[in-house]
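**Q** Chain residues, written in single-letter form:
There are 2 protein chains.
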Amino acid sequence: MSIITVIGSGLMGSAMSVPASDNGHQVRLVGTPLDREIIGSLQEKGLHPTLPCAMPNSICAFQFEHVREALEGADLVICGVSSFGVDWFAEEALPLLPEGVPVLNVTKGLLGYPDGRLEPFPYFFARKRPDLSFAAIGGPCTSYELGDRRQTLVCFCSENLATAKFAQDLLKTSYYHIVPTTDVIGVECSVAMKNAYAMGVSLAVGMSEVENERQCSGSRVENALISGAHDGKLHFNPQAALFAQSCIEMRRLVRLLGGNGDLAGGVPGAGDLYVTIFGGRTRRLGTLLGRGLSYTEVRKRLAGVTLEAVSVITRVAEALRIRAKREEVSLQKFPLLMHLDALLNQEAPLSLDWDSFGESGMQES
Amino acid sequence: MSIITVIGSGLMGSAMSVPASDNGHQVRLVGTPLDREIIGSLQEKGLHPTLPCAMPNSICAFQFEHVREALEGADLVICGVSSFGVDWFAEEALPLLPEGVPVLNVTKGLLGYPDGRLEPFPYFFARKRPDLSFAAIGGPCTSYELGDRRQTLVCFCSENLATAKFAQDLLKTSYYHIVPTTDVIGVECSVAMKNAYAMGVSLAVGMSEVENERQCSGSRVENALISGAHDGKLHFNPQAALFAQSCIEMRRLVRLLGGNGDLAGGVPGAGDLYVTIFGGRTRRLGTLLGRGLSYTEVRKRLAGVTLEAVSVITRVAEALRIRAKREEVSLQKFPLLMHLDALLNQEAPLSLDWDSFGESGMQES
Numbered sequence: 001m002s003i004i005t006v007i008g009s010g011l012m013g014s015a016m017s018v019p020a021s022d023n024g025h026q027v028r029l030v031g032t033p034l035d036r037e038i039i040g041s042l043q044e045k046g047l048h049p050t051l052p053c054a055m056p057n058s059i060c061a062f063q064f065e066h067v068r069e070a071l072e073g074a075d076l077v078i079c080g081v082s083s084f085g086v087d088w089f090a091e092e093a094l095p096l097l098p099e100g101v102p103v104l105n106v107t108k109g110l111l112g113y114p115d116g117r118l119e120p121f122p123y124f125f126a127r128k129r130p131d132l133s134f135a136a137i138g139g140p141c142t143s144y145e146l147g148d149r150r151q152t153l154v155c156f157c158s159e160n161l162a163t164a165k166f167a168q169d170l171l172k173t174s175y176y177h178i179v180p181t182t183d184v185i186g187v188e189c190s191v192a193m194k195n196a197y198a199m200g201v202s203l204a205v206g207m208s209e210v211e212n213e214r215q216c217s218g219s220r221v222e223n224a225l226i227s228g229a230h231d232g233k234l235h236f237n238p239q240a241a242l243f244a245q246s247c248i249e250m251r252r253l254v255r256l257l258g259g260n261g262d263l264a265g266g267v268p269g270a271g272d273l274y275v276t277i278f279g280g281r282t283r284r285l286g287t288l289l290g291r292g293l294s295y296t297e298v299r300k301r302l303a304g305v306t307l308e309a310v311s312v313i314t315r316v317a318e319a320l321r322i323r324a325k326r327e328e329v330s331l332q333k334f335p336l337l338m339h340l341d342a343l344l345n346q347e348a349p350l351s352l353d354w355d356s357f358g359e360s361g362m363q364e365s
Numbered sequence: 001m002s003i004i005t006v007i008g009s010g011l012m013g014s015a016m017s018v019p020a021s022d023n024g025h026q027v028r029l030v031g032t033p034l035d036r037e038i039i040g041s042l043q044e045k046g047l048h049p050t051l052p053c054a055m056p057n058s059i060c061a062f063q064f065e066h067v068r069e070a071l072e073g074a075d076l077v078i079c080g081v082s083s084f085g086v087d088w089f090a091e092e093a094l095p096l097l098p099e100g101v102p103v104l105n106v107t108k109g110l111l112g113y114p115d116g117r118l119e120p121f122p123y124f125f126a127r128k129r130p131d132l133s134f135a136a137i138g139g140p141c142t143s144y145e146l147g148d149r150r151q152t153l154v155c156f157c158s159e160n161l162a163t164a165k166f167a168q169d170l171l172k173t174s175y176y177h178i179v180p181t182t183d184v185i186g187v188e189c190s191v192a193m194k195n196a197y198a199m200g201v202s203l204a205v206g207m208s209e210v211e212n213e214r215q216c217s218g219s220r221v222e223n224a225l226i227s228g229a230h231d232g233k234l235h236f237n238p239q240a241a242l243f244a245q246s247c248i249e250m251r252r253l254v255r256l257l258g259g260n261g262d263l264a265g266g267v268p269g270a271g272d273l274y275v276t277i278f279g280g281r282t283r284r285l286g287t288l289l290g291r292g293l294s295y296t297e298v299r300k301r302l303a304g305v306t307l308e309a310v311s312v313i314t315r316v317a318e319a320l321r322i323r324a325k326r327e328e329v330s331l332q333k334f335p336l337l338m339h340l341d342a343l344l345n346q347e348a349p350l351s352l353d354w355d356s357f358g359e360s361g362m363q364e365s
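Chains as they are written, first to last, in this note's numbering: chain A, 1 to 365; chain Y, 1 to 365.
Heads up, some of the hints might be wrong.
Since the list gives no way to pick out one identical chain from another, each pair is judged satisfied if it fits inside one copy or across any two copies.
Unchecked claim - Straight-line distance between alpha carbons at most 27 Å, and here's what the computed DSSO-like set of lysine-lysine pairs gives:
#	residue 1	residue 2
1	K165	K128
2	K333	K172
3	K333	K165
If you're looking for bench data, these hints aren't it; they were derived computationally from the structure.
The following block holds chain A by itself, in its conformation from the complex (with noise of 0.2 Å):
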């Protein structure tokens, strides 16, 4: 048995305590200051709000201000926070780690600099800490589906492997399956990308609703095509062509920052890709856009909403336009992005430049 230290105790963090639980480790949930209400619902119900799964009865929960306690003895640091908590956890939380605990990271996110460098959260923490090894998660991996013990494949990838493994080991159940890899590049940018791409494939969606409201006789095609999939009211071709596009724009992104593009063809790329596009509020935002609406009027609808998707798209784009400037990279590699970040951040009308996507096979570096 190990003792396990989630911080942040928002979905995906508290999930993580299920396969953490079910090999009979003890684990702690720390609450960040903004979770007071999930830890206060733990400690007094056993209930997480938001999480519907059944919690394990063994999980101890600790409000933020109670940390150095609930990381006493910790064999390993799961950090638990969103995208925009990784300021907070690295002002806050990294000094207060024990030397020498692994950390394994679920945030996705990259972050940008004004030289057009990206980077991932586990480097951005090793400097803070370059004591500490890191690893992160990526994978097609809701939260929901892990507390509920569904059957789901994810990376740890850490630049050092026996991290990797180490967390593997602790944390890999029947239901639970982990492929270490030093591939954090390939692991981090595909996963960053598929908040921002998921919403490129959901601009289909709204087309096609849109479509579909303007032509009723369209109706009889639909339930041809459909045998207990779908609603009948989605068309597939433009959303697969959304689909390839953004893959081979994650694979380009990849390549770009030094991985190996594969990934972005398998279990953080393609694969988290396709979990993201089935519900939430990416798909919601894409939806909205594909049906023409500007983001202006997007925000309206879906205000208090937070949207990562937003915040990695416009990283990214601008990290890019950086680079192009130096002639490090042509923006045409990257047409659908660049059209996100268009729609997201200059009010562009819906556009879609078809005959931009796909690729020959043949001279991609």
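Add chain Y to chain A, keeping to what the hints say.
**A** Same frame as chain A, but now just chain Y:
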């Protein structure tokens, strides 16, 4: 204006006449001996009995006994037969094609040989008619949606890039977008395997259905997960894991056969797999097997249905076994495909080895 002769008036062959007509070409649609009723219906009523879109008025329909007339002066011939009609096409139609006419093939599949070779149809046809130049189409394109002029993105592949570009020039429209490529193996292997792997991904649909029927308590979770995307009955972590594994194995097979693996993670691979999962016979097959039915039971339920997935799985698994005996490949690189083969050909019970899935991205060939 050019003359385009389509041989084979099934769904996809007939749908190709929509972009061809929209570009002002003269389209001559020739039925195979199995298509007599389709051609009769087109000649008498201008209606295709199974393709629900309106067929362009300008199409001329021919029974096969008039094929010579239909081929006179043709600038492009499209082979529109299904994979089960390839031998017929090679024996009955190929010898009649005029000298020098380029041929564009919509048929998807691979031929298997006793030495473990797998051959795309354009190569097979070129051996029969070495004087002609062949191209082939691959990408996410359902015939229904092409007939309805939905945005669609495909590759045209040919050993001779000029042939692919010639066909592209004749057929590209504002909704039918074409990327020419010389990576015949990358395109043809991916689009053949997508039928196999669409069955693989659909296993997770059947597994979820059974789990849902067992656990009524799951309903709260699923409602929370879904925002307009789905019927709330499917889990996506397992589907996404199988989707990723499918892309990985497609890439490995493309590379084994000498193609560029990138296309397996792009338009003909991931893209075509995405569209194939959402409906049709292959999904039904995979779902029933995923529910735990034996293939014998499934065959009874699907009596009379033509299953390209079964033939491609059987053929490719056999080729891999032959090559594995010669130590050219390890079957452990294809755990999903080999299990699909066992389900179909050895009446094996459903048992996915999730821990064999995924890849590190570190040592892939």
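**Q** Decide, hint by hint, whether the structure agrees.
**A** Cross-check of the supplied hints:
1. K165 - K128: This pair counts as within: shortest intra-copy Cα distance 23 Å, inter-copy 54 Å.
2. K333 - K172: between (38 Å within a copy, 21 Å between copies)
3. K333 - K165: Between. Shortest inter-copy distance 21 Å satisfies the 27 Å Cα cut-off; intra-copy 35 Å does not.
Hint violations for this structure: none, all hints satisfied.
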